[in-house]
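Chains as they are written, first to last, in this note's numbering: chain A, 1 to 134; chain B, 1 to 134.
Note that these hints are calculated values from the structure, not bench results. Hints may be right or wrong, so weigh each one.
If chains are identical, the list can't say which one is meant, so a pair holds when it fits in one copy or spans any two.
What the hints assert, rightly or not - In the EDC-like style, the derived pairs of lysine to aspartate or glutamate whose C-alpha atoms are separated by at most 20 Å in a straight line are:
hint, residue 1, residue 2
1, K8, E93
2, K58, E14
3, K58, E93
4, K8, D33
5, K58, E9
6, K8, E76
7, K58, E34
8, K88, D33
9, K88, D74
10, K58, D33
11, K8, D45
12, K8, E120
13, K88, E34
14, K111, E76
15, K88, E9
16, K8, E123
17, K58, E99
18, K58, E76
19, K88, D45
20, K88, E103
21, K8, E103
22, K111, D67
23, K111, D78
24, K111, E12
25, K8, D112
26, K111, E9
There are 2 protein chains.
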Amino acid sequence: MDTETTMKELHELECWELLRSREFGRLAYHLLDEVHIAPINYAVDGNRLIFRTTEGSKLLGIVMHQDVAFEIDDVEADHAWSVIARGKARVLEGDEAREIGLERVNTWVAKDRFVLVAMEVTEVTGRRYALLDG
Amino acid sequence: MDTETTMKELHELECWELLRSREFGRLAYHLLDEVHIAPINYAVDGNRLIFRTTEGSKLLGIVMHQDVAFEIDDVEADHAWSVIARGKARVLEGDEAREIGLERVNTWVAKDRFVLVAMEVTEVTGRRYALLDG
């Protein structure tokens, strides 16, 4: 049916609930003049998202430009939702890193990711959609 | 098991095959000084990805900064893959837009998206991962 979609903005609390219910999303970040995107595991810590990465990874472009965006979504047969967070990311060092601990982030891939990055979320929005028939 | 992951780079042809097999991904783009990310339907046309959007959408920030990145992925119980494309996007107008046609892009949400955007893909990379136990 080519009818109008039902789209609903999610409340900020729902967005955080969805963020806490997942551990995989996509991070968009600046690298010099370019925008890059990478699939990544994460964990929620208060109003921050925590990532693990490696020395020398492109993701460390955030050291030069902290502005990042992050997305999770889910698509089912008749509905979908997505949550988008924006904020500032920075590498955690020393006590800050130890306080979180690498094991906080359940990385599905290589465990040799010894750099923790925290994204301070300044804005989170979400939408739920009833999907149209193809 | 906390063993090393098996990660495999996908061949460019595999990446395009995966891109052609899907119709939903995430687009990262510049908006003034910020990086934004949005879930979006797409279609493959040659070496281009085609999107539909609306007048006044934030996505039209691409008019000012064409550099974009796009990602699709799939996560199963014991493996995952992702494909990342980078390139330049621009709004299609006149004959170029008519040649493609709105119906080329199967939008799951509102059909009132009358602006076609083409992303000329300049680089595509993909990875397949065998996932570690949680």
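Right, here's what the structure says about each hint:
Proximity of K8 and E93 under a CA criterion of 20 Å is satisfied in neither setting, with 39 Å inside one chain copy and 31 Å between copies. Taking CA atoms no more than 20 Å apart as the test, K58 paired with E14 passes in neither setting, with 31 Å inside one copy and 23 Å between copies. Within a single copy, K58 and E93 get their C-alpha atoms as close as 18 Å, which meets the 20 Å cut-off; across copies the closest is 35 Å, which misses it. For a Cα distance limit of 20 Å, the shortest separation of K8 from D33 qualifies neither inside one copy, at 34 Å, nor across copies, at 28 Å.
With identical chains, the CA atoms of K58 and E9 are at most 20 Å apart between copies only, with a shortest distance of 17 Å across copies and 33 Å within one. In this assembly of identical chains, the alpha carbons of K8 and E76 lie at most 20 Å apart only when taken from the same copy (16 Å versus 28 Å across copies). Taking the shortest alpha-carbon separations for K58 and E34, both the intra-copy value of 11 Å and the inter-copy value of 18 Å come in at or below 20 Å. With identical chains, the CA atoms of K88 and D33 are at most 20 Å apart both within one copy (17 Å) and between copies (13 Å).
For the identical chains of this complex, K88 and D74 are neighbours neither inside a copy (24 Å) nor across copies (27 Å), given an alpha-carbon limit of 20 Å. Within a single copy, K58 and D33 get their C-alpha atoms as close as 13 Å, and across copies as close as 19 Å, so both meet the 20 Å cut-off. Taking identical chains as interchangeable, the C-alpha atoms of K8 and D45 are never at most 20 Å apart, the minima being 26 Å within one chain and 31 Å between chains. Taking CA atoms no more than 20 Å apart as the test, K8 paired with E120 passes in neither setting, with 25 Å inside one copy and 32 Å between copies.
Taking CA atoms no more than 20 Å apart as the test, K88 paired with E34 passes in both settings, with 17 Å inside one copy and 10 Å between copies. Taking the shortest Cα distances, K111 and E76 sit within 20 Å of each other only across copies (19 Å), while inside one copy they are farther apart (31 Å). In the homo-oligomer, the alpha carbons of K88 and E9 never lie at most 20 Å apart, since the shortest distance is 23 Å inside one protomer and 30 Å across protomers. Taking CA atoms no more than 20 Å apart as the test, K8 paired with E123 passes inside one copy only; the shortest distance there is 17 Å, against 35 Å between copies.
Within a single copy, K58 and E99 get their C-alpha atoms no closer than 25 Å, and across copies no closer than 38 Å, so neither meets the 20 Å cut-off. For the homomeric pair K58 and E76, neither the shortest alpha-carbon distance inside one copy (32 Å) nor that between copies (26 Å) is at most 20 Å. For a Cα distance limit of 20 Å, the shortest separation of K88 from D45 inside one copy, 14 Å, qualifies, whereas the shortest one across copies, 35 Å, does not. In this assembly of identical chains, the alpha carbons of K88 and E103 never lie at most 20 Å apart, being 22 Å within a copy and 38 Å across copies at closest.
Taking the closest pair of Cα atoms, K8 and E103 never come within 20 Å of each other, the shortest separation being 35 Å inside a single copy and 25 Å across copies. In this assembly of identical chains, the alpha carbons of K111 and D67 never lie at most 20 Å apart, being 26 Å within a copy and 32 Å across copies at closest. Proximity of K111 and D78 under a CA criterion of 20 Å is satisfied inter-copy only: 16 Å between copies versus 36 Å inside one chain copy. Taking CA atoms no more than 20 Å apart as the test, K111 paired with E12 passes in neither setting, with 32 Å inside one copy and 27 Å between copies.
Proximity of K8 to D112 under the C-alpha cut-off of 20 Å is restricted to the inter-copy arrangement: shortest distance 16 Å between copies versus 40 Å within a copy. In the homo-oligomer, the alpha carbons of K111 and E9 lie at most 20 Å apart only across protomers (18 Å), although the nearest pairing inside one protomer, at 36 Å, exceeds that limit.
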